[in-house]
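> Build out the structure end to end from the sequences listed, making use of the hints.
One-letter residues, chain by chain:
Number of protein chains: 2
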Amino acid sequence: MTAAELFGQIQKKKSFLCVGLDTDIQRIPEFLKKEKDPVFEFNKRIIEATHEFAVAYKPNIAFYEAQGPKGWESLQKTLEIIPKDCFTIADAKRGDIGNTSKLYARAFFDKEASGMSFDSVTVAPYMGEDSVTPFLEFEGKWVILLALTSNKGSSDFQQILVDDDKVFQKVLKTSKNWGNTDNMMYVVGATKAEALQEIRQIVPDHFLLVPGVGAQGGSLEEVAKNGMNSQCGLLVNSSRGIIYASSGEDFAEVAALEAEKLQKEMASLLNNLL
Amino acid sequence: MTAAELFGQIQKKKSFLCVGLDTDIQRIPEFLKKEKDPVFEFNKRIIEATHEFAVAYKPNIAFYEAQGPKGWESLQKTLEIIPKDCFTIADAKRGDIGNTSKLYARAFFDKEASGMSFDSVTVAPYMGEDSVTPFLEFEGKWVILLALTSNKGSSDFQQILVDDDKVFQKVLKTSKNWGNTDNMMYVVGATKAEALQEIRQIVPDHFLLVPGVGAQGGSLEEVAKNGMNSQCGLLVNSSRGIIYASSGEDFAEVAALEAEKLQKEMASLLNNLL
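Order-wise, the sequence lines are chains A and B. When we follow full-length UniProt numbering, the leftmost residue of the first sequence carries the number 1, and every step to the right adds one. When we follow full-length UniProt numbering, the leftmost residue of the second sequence carries the number 1, and every step to the right adds one.
It is possible that part of the hints are untrue.
Chain copies aren't distinguished; within one or between two, either way the pair holds.
[As the list claims (entries may be wrong)] Below, simulated EDC-like cross-link-like pairs (lysine to aspartate or glutamate); rule was C-alpha separation at most 16 angstroms, straight line:
1) 70 x 112
2) 152 x 129
3) 70 x 110
4) 44 x 73
5) 152 x 221
6) 44 x 249
7) 70 x 5
8) 152 x 130
9) 102 x 24
The set of hints was computed from the structure by calculation and includes no laboratory data.
Structure (structure tokens):
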């Protein structure tokens, strides 16, 4: 999917919502646990209930990996049923030296090898350019590079000063030439809405993936005000606020209501771009 | 395994060798490909042939993940047959925010959840303290934190200057108090032997995992001279130089010879500590 096609979906659905499929076997409703693959059943109902309000889905790979091989099977099956007009993100935060990053790229982009082909994968920048470029060799696929995360620990290294820049600004400046606006996005934690302005000065045209709206406390309006560009340029993720909004048999229905609520707010923030 | 127990194994085997199980389905000998699980069969023979010369095994997870669920099964089975006196490292380079890191910890440390329980896992530092500490909550388990890697891209961010330190030195100084010398090690690329001295000034007592001897070009003698402490404090990894030393039916035999060669060199470098 190109950036223009993604923007097309955003215009069509009047939404830049990404639903995070952080599906924890310990948190899914009791009645689903009798199913053969409860994680997949949960995801299936969430996707069916929310896809008209969302342009992207983002399974966080940790939740599947924690289940061993059967978790990877749930992930594969989940990816299969995500509607083709939705952008898919493997939130894996991988990163290794060149040769090995190529294998991680195969894991998430090469269906023949691993059984899965996501549109994009999140990557950690610590190991530098040759840990990222192997992912960019896959035509039509995206790297979403961690820049500024929303957790407390982001102050440990991401925000320390290097000359006049913080480390995450250095990451943006150095990496923005590794790919282009059709194959690279950045993860930017929504709790730092004021930092979005600085980030937009460095990467005005790249899409940004913003986690942390909702349960992690960011404000959607702030994010849009500081981060939106003429092609929207934002995917805003909500995970727990949607998928765990109810723990009863009505979980999918309530998830749809939460997703719709965000979509409506997004529609009004997109106003000028529709 | 405690640091003292690991040092005990090093003394017993006169070796600080870690064998990297970077088992690429595309590179294993033809004759094994008729087996039901060629990757596991390859690993089994490598482990049987090398374990008297090695104190640790390090599967790089990318190679297994690239095969989808069946790759994770090969990994599980491989872990089962590594002798219990060997230290096991899941070279996964994971790292996510606190809640999610806990799930990655489950994936590699909690056998009941994922089917696997490694002694240690490699972790990327970019997301800071709360991305690392969830791993440390597992009694007897280790985090091996990336400090300075051996690839070209390590100059992009790891080596940029912050005040008087490079970023990787900042990582060492900040993180060394998150755990202790019984639950934290550091990855230090062997091609930077001169940097080892600086690193030893910051973390004199921690074990260091040194990749990149052999195929990646580091010198074992230089590493020992600059990195060894009174408890050895080193695990030196070799992957391709051992496991792909021959591509014929004699691959395991030749791997044993290469492992023994390194072990002998290590025995003489350990001289004073035996």
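> Does each hint fit the structure? Answer for all of them.
Cross-check of the supplied hints:
{"no.": "1", "hint": "70 x 112", "in the structure": "between (19 angstroms within a copy, 13 angstroms between copies)"}
{"no.": "2", "hint": "152 x 129", "in the structure": "between (26 angstroms within a copy, 8 angstroms between copies)"}
{"no.": "3", "hint": "70 x 110", "in the structure": "between (19 angstroms within a copy, 15 angstroms between copies)"}
{"no.": "4", "hint": "44 x 73", "in the structure": "within (14 angstroms within a copy, 25 angstroms between copies)"}
{"no.": "5", "hint": "152 x 221", "in the structure": "neither (22 angstroms within a copy, 41 angstroms between copies)"}
{"no.": "6", "hint": "44 x 249", "in the structure": "within (14 angstroms within a copy, 47 angstroms between copies)"}
{"no.": "7", "hint": "70 x 5", "in the structure": "neither (33 angstroms within a copy, 34 angstroms between copies)"}
{"no.": "8", "hint": "152 x 130", "in the structure": "between (28 angstroms within a copy, 7 angstroms between copies)"}
{"no.": "9", "hint": "102 x 24", "in the structure": "between (28 angstroms within a copy, 11 angstroms between copies)"}
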